[in-house]
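**Student:** Numbering-wise (the working numbering), the sequence shown opens with residue 1 and increments by one.
Since the hints were derived computationally from the structure, they do not count as laboratory data.
Watch out, some of these pointers could steer you wrong.
Under the rule of at most 25 Å between Cα atoms (straight-line distance), these lysine to any residue pairs were calculated in the SDA-like manner [unchecked claim]:
hint : residue 1 : residue 2
1    : Lys38     : Arg56
2    : Lys313    : Leu66
3    : Lys38     : Tyr185
4    : Lys38     : Val268
5    : Lys313    : Val116
Cβ pair distances, simulated, as ranges [said to hold, decoys possible]:
hint : residue 1 : residue 2 : range
6    : Asp322    : Arg368    : 52 to 62 Å
7    : Pro75     : Pro199    : 47 to 57 Å
8    : Tyr185    : Ala372    : 15 to 25 Å
9    : Trp348    : Glu87     : 50 to 60 Å
10   : Tyr43     : Thr257    : 25 to 35 Å
11   : Val79     : Ala344    : 17 to 27 Å
12   : Leu394    : Arg145    : 37 to 47 Å
13   : Asp120    : Arg47     : 16 to 26 Å
14   : Thr240    : Gly151    : 36 to 46 Å
15   : Thr263    : Asp130    : 30 to 40 Å
Where is the CB? At the ideal position from N, CA and C, for every residue including glycine.
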Amino acid sequence: MTTAHERTTVVIVGAGVAGLTLGNFLLRSGIDCVILEKRSREYVEQRQRAGVIDTRAARMFREWALEDRVIGGVPVEPVLNFRLDGETRRLALAPDDHHDGRFCPQQVLVRNLIDVFTGDGGDLRFDADDLSLHNIADETLPHVRYRERTGSTKVISCAFVAGCDGDRGASRAAIPGESLTRHSYEYGYAWLTVLAEVPANHQSMMALHPRGFAGQFARGPHASRFYLQCPLDSSLPRWTDEQIWDELETRFGDPMTTRGRITSTQLVPLRSVVYSPMSHGRLYLLGDSAHIVPPMSAKGMNLALYDAEVFAKAVIHHQVNDQDSALLDAYSSTCLRHVWNYQAFAAWWTELIHNAGDSSYQGEFRHRVARADLARLFEAGSANRLLSEFIAGLN
Numbered sequence: 001m002t003t004a005h006e007r008t009t010v011v012i013v014g015a016g017v018a019g020l021t022l023g024n025f026l027l028r029s030g031i032d033c034v035i036l037e038k039r040s041r042e043y044v045e046q047r048q049r050a051g052v053i054d055t056r057a058a059r060m061f062r063e064w065a066l067e068d069r070v071i072g073g074v075p076v077e078p079v080l081n082f083r084l085d086g087e088t089r090r091l092a093l094a095p096d097d098h099h100d101g102r103f104c105p106q107q108v109l110v111r112n113l114i115d116v117f118t119g120d121g122g123d124l125r126f127d128a129d130d131l132s133l134h135n136i137a138d139e140t141l142p143h144v145r146y147r148e149r150t151g152s153t154k155v156i157s158c159a160f161v162a163g164c165d166g167d168r169g170a171s172r173a174a175i176p177g178e179s180l181t182r183h184s185y186e187y188g189y190a191w192l193t194v195l196a197e198v199p200a201n202h203q204s205m206m207a208l209h210p211r212g213f214a215g216q217f218a219r220g221p222h223a224s225r226f227y228l229q230c231p232l233d234s235s236l237p238r239w240t241d242e243q244i245w246d247e248l249e250t251r252f253g254d255p256m257t258t259r260g261r262i263t264s265t266q267l268v269p270l271r272s273v274v275y276s277p278m279s280h281g282r283l284y285l286l287g288d289s290a291h292i293v294p295p296m297s298a299k300g301m302n303l304a305l306y307d308a309e310v311f312a313k314a315v316i317h318h319q320v321n322d323q324d325s326a327l328l329d330a331y332s333s334t335c336l337r338h339v340w341n342y343q344a345f346a347a348w349w350t351e352l353i354h355n356a357g358d359s360s361y362q363g364e365f366r367h368r369v370a371r372a373d374l375a376r377l378f379e380a381g382s383a384n385r386l387l388s389e390f391i392a393g394l395n
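Input sequences plus hints: build the corresponding full structure.
**Tutor:** Spelled out as structure tokens, the structure:
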């Protein structure tokens with residue numbers, strides 16, 4: 001098979017939210033880039049992900065003149081709904097922090113970003129198999145090698161590589177182990193995530209129950225995503241459809257109006273992970289390649305969007321200011337300050353919500369502390385304001 005050589009400014013590895021957002025920002029700024037994705041377009045556009053675009057991210061798309069083209073969904077209500085001790089309680093948040101946020105499933109955002117990028121002439125290549133990164137820390141220009149579906153090998157030389165291919169991608173694996181530090185925390189429980197054809201009465205409802213956390217979040221007019229806290233050693237075969245519905249009814253304290261068709265289930269161990277630094281030579285890590293937060297925080301996608309904007313601005317500054325690398329040199333420290341701030345929020349919020357219901361996890365003391373924290377959010381304006389800022393992405 002033949003090998004073809006090409007040249008561009010930025011090779012973006014991965015067509016998820018981070019990679020596609022970065023590609024759109026660079027394309028709008030006249031910076032050449034190529035997005036490589038190992039999966040097919042059909043797979044990428046259909047894979048299910050949760051998605052809340054927070055206020056900061058929505059305003060970011062507006063500033064880049066992309067809001068009307070890529071953000072779908074409905075406005076986020078400035079309220080969190082709880083089932084607590086058999087009663088429904090509404091926690092009102094500061095409304096001015098939330099009027100720009102959107103409930104937008106991640107696959108909808110991905111499809112919109114693909115349509116805009118390709119519609120504007122962007123170079124997006126799916127089915128890029130056997131992808132590998134080379135010379136990322138050498139004096140010579142890095143290059144990315146991959147194999148097309150036809151069997152032909154392509155080599156793209158570039159000034160920079162953006163690793164946006166997730167926790168198990170080729171990008172972070174290309175960094176020598178001694179050059180990267182992994183910080184992690186395991187929460188000690190998992191979520192059973194369930195996508196079902198059941199309309200939701202609220203955008204969100206969270207049950208804090210002695211048997212564990214349960215959640216229901218709207219995913220369009222006719223579907224909901226449910227979450228059930230479960231032990232780490234749980235297995236999917238144990239959870240029949242009937243057992244799922246029975247457990248949801250127990251934790252919510254109400255019968256389900258509809259037991260619709262369950263279309264997918266997955267077990268997700270809750271963890272927090274940060275890799276430092278977020279760059280190595282000319283390779284820069286974005287999104288899940290660099291950090292993971294528990295889904296309770298709804299910040300995974302929004303952290304990826306933050307990384308994309310920071311890196312886009314750094315590349316643009318480099319290209320238009322006589323190759324000034326100041327922002328690129330500061331990329332990792334800039335992002336990590338933001339990442340650790342939201343890891344702190346994610347850890348606090350995740351532990352609070354789970355301990356407030358399940359005293360068997362960390363004991364009665366932590367259970368009562370969590371209840372006191374929760375009560376403060378309903379009663380103290382300053383505590384509520386801080387929570388609102390974090391949820392909106394504005395802290």
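**Student:** A separate judgement is required for each hint: does it hold in the structure or not?
**Tutor:** Here is what the structure says about each hint:
no.: 1; hint: Lys38 / Arg56; in the structure: violated, 30 Å
no.: 2; hint: Lys313 / Leu66; in the structure: holds, 16 Å
no.: 3; hint: Lys38 / Tyr185; in the structure: violated, 29 Å
no.: 4; hint: Lys38 / Val268; in the structure: holds, 23 Å
no.: 5; hint: Lys313 / Val116; in the structure: holds, 19 Å
no.: 6; hint: Asp322 / Arg368: 52 to 62 Å; in the structure: holds, 60 Å
no.: 7; hint: Pro75 / Pro199: 47 to 57 Å; in the structure: violated, 18 Å
no.: 8; hint: Tyr185 / Ala372: 15 to 25 Å; in the structure: holds, 23 Å
no.: 9; hint: Trp348 / Glu87: 50 to 60 Å; in the structure: violated, 24 Å
no.: 10; hint: Tyr43 / Thr257: 25 to 35 Å; in the structure: holds, 33 Å
no.: 11; hint: Val79 / Ala344: 17 to 27 Å; in the structure: holds, 24 Å
no.: 12; hint: Leu394 / Arg145: 37 to 47 Å; in the structure: holds, 41 Å
no.: 13; hint: Asp120 / Arg47: 16 to 26 Å; in the structure: holds, 23 Å
no.: 14; hint: Thr240 / Gly151: 36 to 46 Å; in the structure: holds, 44 Å
no.: 15; hint: Thr263 / Asp130: 30 to 40 Å; in the structure: holds, 32 Å
Checked against the numbered hints given earlier, this structure breaks hints 1, 3, 7, 9; the rest are met.
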